[in-house]
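Participant: In order, the protein sequences belong to chains A and B. For the first sequence, this note's numbering assigns the number 35 to the initial residue and increments by one for each residue that follows. For the second sequence, this note's numbering assigns the number 90 to the initial residue and increments by one for each residue that follows.
FYI, nobody ran anything at the bench for these hints, they're computed from the structure. Incorrect hints may appear among the rest.
Below 30 angstroms or equal to it, Euclidean Cα-Cα: the simulated DSBU-like pairs (lysine-lysine) are [claimed, not checked]:
{"hint": "1", "chain 1": "A", "residue 1": "K71", "chain 2": "B", "residue 2": "K468"}
{"hint": "2", "chain 1": "B", "residue 1": "K171", "chain 2": "B", "residue 2": "K210"}
{"hint": "3", "chain 1": "A", "residue 1": "K71", "chain 2": "B", "residue 2": "K171"}
{"hint": "4", "chain 1": "B", "residue 1": "K187", "chain 2": "A", "residue 2": "K71"}
{"hint": "5", "chain 1": "A", "residue 1": "K45", "chain 2": "B", "residue 2": "K511"}
{"hint": "6", "chain 1": "A", "residue 1": "K45", "chain 2": "B", "residue 2": "K261"}
{"hint": "7", "chain 1": "B", "residue 1": "K191", "chain 2": "A", "residue 2": "K71"}
{"hint": "8", "chain 1": "A", "residue 1": "K98", "chain 2": "B", "residue 2": "K171"}
{"hint": "9", "chain 1": "B", "residue 1": "K351", "chain 2": "A", "residue 2": "K121"}
{"hint": "10", "chain 1": "A", "residue 1": "K58", "chain 2": "B", "residue 2": "K191"}
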Amino acid sequence: MVSGQVKVITKNGIHLRLASDLVKAANSFRSEIWITKDSQEVNAKSILGVAGLGAELGAELFIKVEGDDEEEALEYLVTLVESDFTKGAQ
Amino acid sequence: MEGNKAENREAIFNGIPASPGIAHGEAFVVNVENIPATPEKVPEAKIEAEVQRFETALKETGEELDKIHKQLEEEMGVEHAKILDSHRMILTDEVARKDTLKLITKDKYNAAYAFTTVINKVITTFQHIEDEYLRERAADIQDVKRRVVRNLLGQKVEGLSNLRKKAIVVAKDLTPSDTAIMKKKYVLAFVTDIGGSTSHAAIIARSLGIPAVVGLESLSHNVKPYDKLIVDGITGQVVLHPTGETVGMFEEAQERFREMEKELLTLRDYPAVTLDGHTIELSGNIETADEVEDVVSHGAKGVGLFRTEYFFITRKNLPSEEQQYRYYSRVVKELAPDPVLIRTLDVGGDKIARWASTSSPEANPFMGWRGIRFTLSRKDIFRTQLRAIFRASAHGNVRVMFPMISVMDEVLEAKEICEEVKADLKNERYQMGDNIEIGIMIETPSAVAIADKLAKKVDFFSIGTNDLIQYSLAVDRGNSRISYLYNDLHPSILRFIRDTVTAAHKNGIWVGICGEMPGSVYGALLSLGFELDEFSASAYLIPEIKKIIRSVTLDETKMLVKKAIKLSTATEVKQLLEAYIENKRPELREFIPEAVK
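Isolated chain B, as found in the complex (with noise of 0.2 angstroms):
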């Protein structure tokens, strides 16, 4: 046997990206593992003492908040520890007090399995709540809950107060009187299972301005004290024993960050320009509203890509149309002017959501009924968010995109549902923009060679690039045995976008880009190459790309990419660009990726 060096093999996990930058260091695990309350029935005699070891619980429970209210005032001032009143405040509340009480008296319960069951029906009424930022607040009165039923049962806290030294703070999830004690400059980074980008520890990460990853299932139970860690926030993955080598990879993408971050502030209010005055318009993918700030805050103007199924996969009922209407319009407003494109529902593939799930599994999902299918099929769903959309376009400049076209019908119906739907809403007399383009995903090979006849029916299109290499390659990229072959530089995807592109502009349209692609150094010289007009990223890669389209002209990538069009392996391309990089433009040098992947 191996022993312990079986034991620590490198692992990566993959998580939700909560806070930019990397870190390194050891594990601090907190245990904050739900104690559960089993029921007990209390002997009629010892009720009166349940009562008033219920009280005693509360009082202690107090004292414990105004201990952590203290420090917290001190160390991060008033304002902060005001969170502190409201967990006060539950702790003192009538109703859940009266009910508890009611549960120990009259059903007699014990009252740790009282009030859990109390509070537990509370938290499921959070659970209803569309607002994801409000619903993550249960985790609060989680914490509270949590508090009280351990001093009931007598069990000691053990918590961030005990961290002494620098390290990543690994923990199922983390709450606000979790974060409250813990000595901020000790915290490298945070790792959490359970969380969105808007729970508590991906905010106060983002305050703090170091790195976290959340959402990563088991990792906590995976991962002992003093576990070495790598955690970059910026692709979500987090890495348990890393060897020397990952440690060098990270430590040099750590600091290809801290530098990009620099860049960041002076390129933030600079315009994506060619060194010989060709502008592109630079856009941001967002998937929730919250992410229009970090958009704003990295540069890009306007959003290119409003993926809206995340606002309806993480319910439970399908959203109203008051509901889309304000959660569109939160974004409309923030970016007008800048425009902002809101892809209609893209159901299905990976994303299947729970009020639509088919009753038996797809066998091959991303070739199955999703996007403009879905959505064609389901027209009270489609029209419910059509109007919440144009509605939305009142407060300032939207266009209106339909994914996995593959078919002209599908264009024709869905823009003969926008023009019914537009017309309701006229006679209905609500306030819509003037123009509104209408456009397509450009994902499936069959729109790329149709796409002379799509561009006559619509006002854009759109290149998805991770969808298109997919379906042109027929690689699964999931697959880890194929997944070599998924290469956004092979020269059969380098076509499908230059017929593309040639069949928007002939016709008088204009053709942005949405995948993965542009985000990175090669695609995104070769999608400038392409003349395309619109490039839209995740926000944090948005300072990189900017600062490629700066340092280039457009007739040098225009070279580029006429080359590279009749070459005939991704290698050879790949070697094109390097070269080019070397000779002609070694300042973006930094951004050529590690040869290992």
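Chain A with its partners taken away, still in its complex shape (with noise of 0.2 angstroms):
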């Protein structure tokens, strides 16, 4: 299992399009993927988890990937979000 770290940099915060792209890359890999804020844990393929995580701007963000490609996985997305999704999301 990896882990990381990750600061929501998007103005108005993750949300319900932004959402589903972060969905739709979780989705793109075989790991089991989840995001934690504020103790609230969901599942990252699951776009009514993620966006009801109300990721707001400057919210921190714990990504947990378990699976055979969760190097990868965890990379794409913490990039993804570091990048204002602008980099990643196809």
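Dock chain one against chain two, each of which comes alone in its own frame, and use the hints as you go.
Facilitator: The structure is reproduced here in structure tokens:
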């Protein structure tokens, strides 16, 4: 299992559309992926979970990945959030 | 019986102004009511069929969304259509699907109820989201739920796609997929029962440049299709069945608004300076961080009143220091190096927060436990807020102000707490701004009376005219029998303002005004003449105030004040100002309010 932390730099936070980008990305990996914000943990492959986090500008997200492509998945997702959703997503 | 006539009597509804402008037309009422899904037990033999029905409903809803997606892409472009991707994803969310299937197969619930239960649980988690913008996205999820349930129950969607001629769209609430299918050219304005200034209807309205009023509570139940409506997105007023006279009034207001919009563009980058070269610090009042954009686009310099209570009263729990710090910082950073004047929590009065609700309602809340009285007795809340404000000061130019000061002790105690908080933060190695000014609101007659003493203890005053008038004239604005007494031109108010300014300037501090007073032409002229150093008003009033400032000389207005102060009634003051405009500055005539209030 690998894990990492990332800060949301998107002005309006991870709203529904960006959440769907993130979920799409998560679903392209085989690993199980969880995201935690303020002790609330959700499945990163569920849009309802991710959008329900209410990850606002400045929020700290803790990403946990477990599976055979965990390294790749973690890096991809962290980059996606860190780049204000400009890098990573197709 | 008068019949129809009585039914169509003019009625006024007040909501939250969400997008400026004025519209007049017929209502198009959108039926987006929630369909309740009642729990039913499905017999064992029919479980398989129920699962199948659920899968079919998901498929049908998916096709519906695809259709809307296509329509949206053609009309608004690929970027805008992307919002439908997330709707599609909610629909195919594996977690939600599995949970629903479990409720059907294990607990034997009908599909509509099972899906509703699962989605409602998600929506509950949304209600805990601190960020208003993110929280209001729950509407998109509601929307998907509604579609699926409708398909399960075999109901037809009656939506905005049926809009075929120009109309004012009336709805309980509007979601992206509602607005996606509407023909933009037919929408004159939006009015909705629920929602805040960042709800979807508000955002879409602003981007389309059409007026919107939200938070009208029960309006959609009172309006029938084709009813005549006037929507004033500036004041938040909606008039149902307006009389010819009212229509005329609003048409004039609409014309003025258009002209002002034009001027707004031309005035935005000019300073607020009188013809004889006297500069006024003109800043905006805000209630939420999202309004910063409006302040900037309307040509104000900084924020002269940041009402922090809205951040507190819109949530269930007290916001943490971190949450407040991030929230204040956002505003401070966006406006730096222009100042942001943050007023500490002013709950009580008409704004009782859920977490502060006292065991029994106060008999006289406006004279009760509010403003600085509240924060000084809840020092935990006060300290947390001050810590957040002082930390945010590292990112720009912050001023701190205490509301509802009526005695000196409050100022001294609040300042002492500020010093303690600053010392703590320093020890904890936090960055802070260098010269954080600390000031007070002047909004009680007692504060005016001891203004010379108070001025020695603070860096600035800001006169809150709304409450000062209410307390001075002993008039409750909400009481229609006596509201005629509420008048910012009353000589008593003018004398109070003069005394406050004199006390401030004698002691070398600056003094501003932040009520509604500078927003009217009379109030603006007098505020100038009083030599107030700063005016702060709602963003949409800024262009008008700037125009007034730039059309007169300071000397003229000082003369006006000198004369006004000697008069004995508000009517005489008004006549004096009217005569001045007519004779000296006729170009300001357009700002004189209608005779009808």
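Participant: It remains to establish, for every hint, whether it holds in the given structure.
Facilitator: Hints and how they fare:
1. K71(A) - K468(B): 29 angstroms, holds
2. K171(B) - K210(B): Between K171(B) and K210(B) the Cα gap is close to 25 angstroms, so the pair holds against 30 angstroms.
3. K71(A) - K171(B): Status holds; Cα separation ~26 angstroms.
4. K187(B) - K71(A): 24 angstroms, holds
5. K45(A) - K511(B): With a Cα-Cα distance of about 29 angstroms, the restraint between K45(A) and K511(B) holds, given a limit of 30 angstroms.
6. K45(A) - K261(B): Holds. K45(A) to K261(B) sits at ~28 angstroms (cutoff 30 angstroms).
7. K191(B) - K71(A): Holds. K191(B) to K71(A) sits at ~27 angstroms (cutoff 30 angstroms).
8. K98(A) - K171(B): 28 angstroms, holds
9. K351(B) - K121(A): 40 angstroms, violated
10. K58(A) - K191(B): 24 angstroms, holds
Checked against the numbered hints given earlier, this structure breaks only hint 9.
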